[in-house]
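K.L.:
Put together the whole structure using the sequences plus the hints.
Each residue of the sequence shown is one higher than the one before, counting from 0 in numbering that gives the first Met the number 0.
Do not take every clue at face value.
[Stated by the list, open to error] The list that follows gives simulated cross-link-like pairs (lysine-lysine, DSSO-like), each with its CA atoms no further than 30 angstroms apart: (1) K195 - K178; (2) K178 - K1; (3) K195 - K34; (4) K214 - K18; (5) K34 - K1; (6) K214 - K195; (7) K167 - K1; (8) K69 - K167; (9) K69 - K18; (10) K123 - K69; (11) K1 - K69; (12) K60 - K18; (13) K34 - K18; (14) K167 - K214; (15) K195 - K167; (16) K167 - K178; (17) K34 - K69; (18) K214 - K123; (19) K167 - K123; (20) K60 - K195; (21) K178 - K214; (22) K123 - K60; (23) K1 - K123.
[What the hints assert, rightly or not] Computed spacing ranges between beta-carbons, pair by pair: (24) A108 - G236: 23 to 29 angstroms; (25) D86 - H148: 20 to 26 angstroms; (26) R145 - G255: 22 to 28 angstroms; (27) D83 - D103: 37 to 43 angstroms; (28) G90 - R183: 31 to 37 angstroms.
No lab work stands behind these hints: they were computed from the structure. C-beta: ideal position from N, C-alpha, C; glycine also.
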Amino acid sequence: MKVAAMGDNCIDLYERLGKKYPTGNAVDTGVNLRKLGIPVSIISTTGNDDNGRWMLETLRKEGIDTSHLKTADGPTAVTYMEMDGTDRVHGEYAEGVLETITFDEDDIAFASEHDLVHTALWGKAEAALPAIHSRGVPVSFDYADRLDHPLVETTLPYVDYGFYSYHKARDPFIEAFLKDKVNRGMRIAVATFGEKGSLAWDGRNFYDGPVFPAKVVNTVGAGDSFIAGFLSGALRGRFVPECLETGARVASEVVGVFEPWTDLCVNFEKR
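P.N.:
Written out as structure tokens, the structure is:
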């Protein structure tokens with residue numbers, strides 16, 4: 000049982016606070032899955048600068064298979080971050096080597112050796128999904144809060160587990176939205192509502208996900224960690240309510256630290 004996390008990697012940089020850490024949708028979901036006992040490979044491209052070397056070193060220390068984390072000539076992607084209370088605010092994004100990231104036949108073949116492939120909206124892996132899915136490998140996709148993004152439609156035939164962030168609570172719109180995705184091919188469609196819980200539709204039933212108390216330090220990584228928890232349950236054959244519960248528990252732990260997983264963030268003066 001192993002997962003390929005395919006897509007982006009970057010450094011989140013809080014200049015005002017003097018903090019930074021390696022991250023990215025694929026990276027965060029992958030590392031949290033690894034911490035839940037699921038072997039994970041990362042398929043991406045990082046830079047050949049200090050940040051890229053830090054990324055590679057960090058993921059190896061976390062037990063991630065980095066055999067398909069390529070190094071390109073140029074800077075690692077950087078997202079400039081700020082805080083609004085305990086909520087993270089995304090600022091300027093310097094794409095670096097991710098501007099020209101591609102996934103070749105070797106990447107697709109390697110991904111297809113896994114039990115599930117996870118990617119996300121900004122991972123630029125969508126062109127590889129038809130080939131991966133045609134080989135019988137389940138695909139998970141994080142659409143964030145872009146419910147009207149073109150990729151929601153174009154990737155639908157190749158996605159088994161779809162995750163959407165919805166800034167409201169359960170209502171008729173999101174119920175119909177999730178039903179539509181499963182009716183057209185997904186196994187399970189999930190919407191997360193932040194502190195208001197989550198909702199999943201499996202083609203037969205709706206399931207409401209719980210919320211666990213948390214002392215929020217930084218909301219960064221909440222979505223990726225929830226997805227990791229949910230997928231860890233799905234890969235182990237758990238029922239949907241238990242998957243939602245595991246996702247919520249992991250997310251409640253992650254928002255209690257500054258970084259998107261534990262023991263990660265560093266102050267500038269330490270590097």
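K.L.:
Confirm or reject each hint.
P.N.:
Now for the hints, and whether the structure bears them out:
1. With a CA separation close to 20 angstroms, the supplied pair K195 and K178 stays within the 30 angstroms bound.
2. At roughly 28 angstroms between alpha-carbon atoms, K178 and K1 fall within 30 angstroms of each other, so this suggested pair holds.
3. Of the supplied pair hints, the one linking K195 and K34 holds, its CA atoms being roughly 25 angstroms apart against a limit of 30 angstroms.
4. Of the supplied pair hints, the one linking K214 and K18 holds, its CA atoms being roughly 20 angstroms apart against a limit of 30 angstroms.
5. At roughly 13 angstroms between alpha-carbon atoms, K34 and K1 fall within 30 angstroms of each other, so this suggested pair holds.
6. At most 30 angstroms may separate the alpha-carbon atoms for a hinted pair to count; K214 and K195 meet this at roughly 15 angstroms.
7. The hinted pair formed by K167 and K1 fails the criterion: a straight-line CA distance of about 33 angstroms is larger than 30 angstroms.
8. As the CA atoms of K69 and K167 are separated by approximately 39 angstroms, the hinted pair breaks the 30 angstroms bound.
9. Taking the CA atoms of K69 and K18, the gap is near 25 angstroms; set against the 30 angstroms cutoff, the hint holds.
10. A distance of roughly 15 angstroms separates the Cα atoms of K123 and K69; the hinted pair therefore holds under the 30 angstroms criterion.
11. For the hint linking K1 to K69, the alpha-carbon distance of about 20 angstroms falls within 30 angstroms, and the restraint holds.
12. Using a Cα cut-off of 30 angstroms, the hinted pair K60 and K18 holds, with the two alpha carbons roughly 20 angstroms apart.
13. Pair hint K34 plus K18 holds up; C-alpha atoms about 23 angstroms apart against a cutoff of 30 angstroms.
14. Using a Cα cut-off of 30 angstroms, the hinted pair K167 and K214 holds, with the two alpha carbons roughly 21 angstroms apart.
15. Between K195 and K167, the direct Cα distance comes to roughly 8 angstroms. Compliance with the 30 angstroms bound is thereby established for this hinted pair.
16. The suggested pairing of K167 with K178 holds, with an alpha-carbon distance near 17 angstroms, which does not exceed 30 angstroms.
17. Distance hint between K34 and K69 is fulfilled; the C-alpha atoms sit about 23 angstroms from each other, no more than 30 angstroms.
18. Taking the CA atoms of K214 and K123, the gap is near 34 angstroms; set against the 30 angstroms cutoff, the hint is violated.
19. With a C-alpha separation of about 28 angstroms, the suggested pairing of K167 with K123 holds against the 30 angstroms cut-off.
20. Straight-line distance between C-alpha atoms of K60 and K195 comes to about 34 angstroms, which puts the hinted pair past the 30 angstroms bound.
21. With a CA separation close to 33 angstroms, the supplied pair K178 and K214 exceeds the 30 angstroms bound.
22. With a C-alpha separation of about 26 angstroms, the suggested pair K123 and K60 falls inside the 30 angstroms cut-off, and the hint holds.
23. About 21 angstroms separates the Cα atoms of K1 and K123, which keeps this hinted pair within 30 angstroms; it holds.
24. A108 and G236 have their C-beta atoms about 27 angstroms apart, which keeps the hinted 23 to 29 angstroms range intact.
25. Under the hint 20 to 26 angstroms, the C-beta atoms of D86 and H148, about 22 angstroms apart, fit the expected range.
26. Between R145 and G255 the CB atoms are about 27 angstroms apart, so this pair conforms to the stated range of 22 to 28 angstroms.
27. Between D83 and D103, the C-beta spacing of about 40 angstroms keeps the proposed range 37 to 43 angstroms intact.
28. A hinted range of 31 to 37 angstroms for the beta carbons of G90 and R183 is consistent with their spacing of about 36 angstroms.
Hint compliance for this structure: hints 7, 8, 18, 20 and 21 are not met, and every other hint is.
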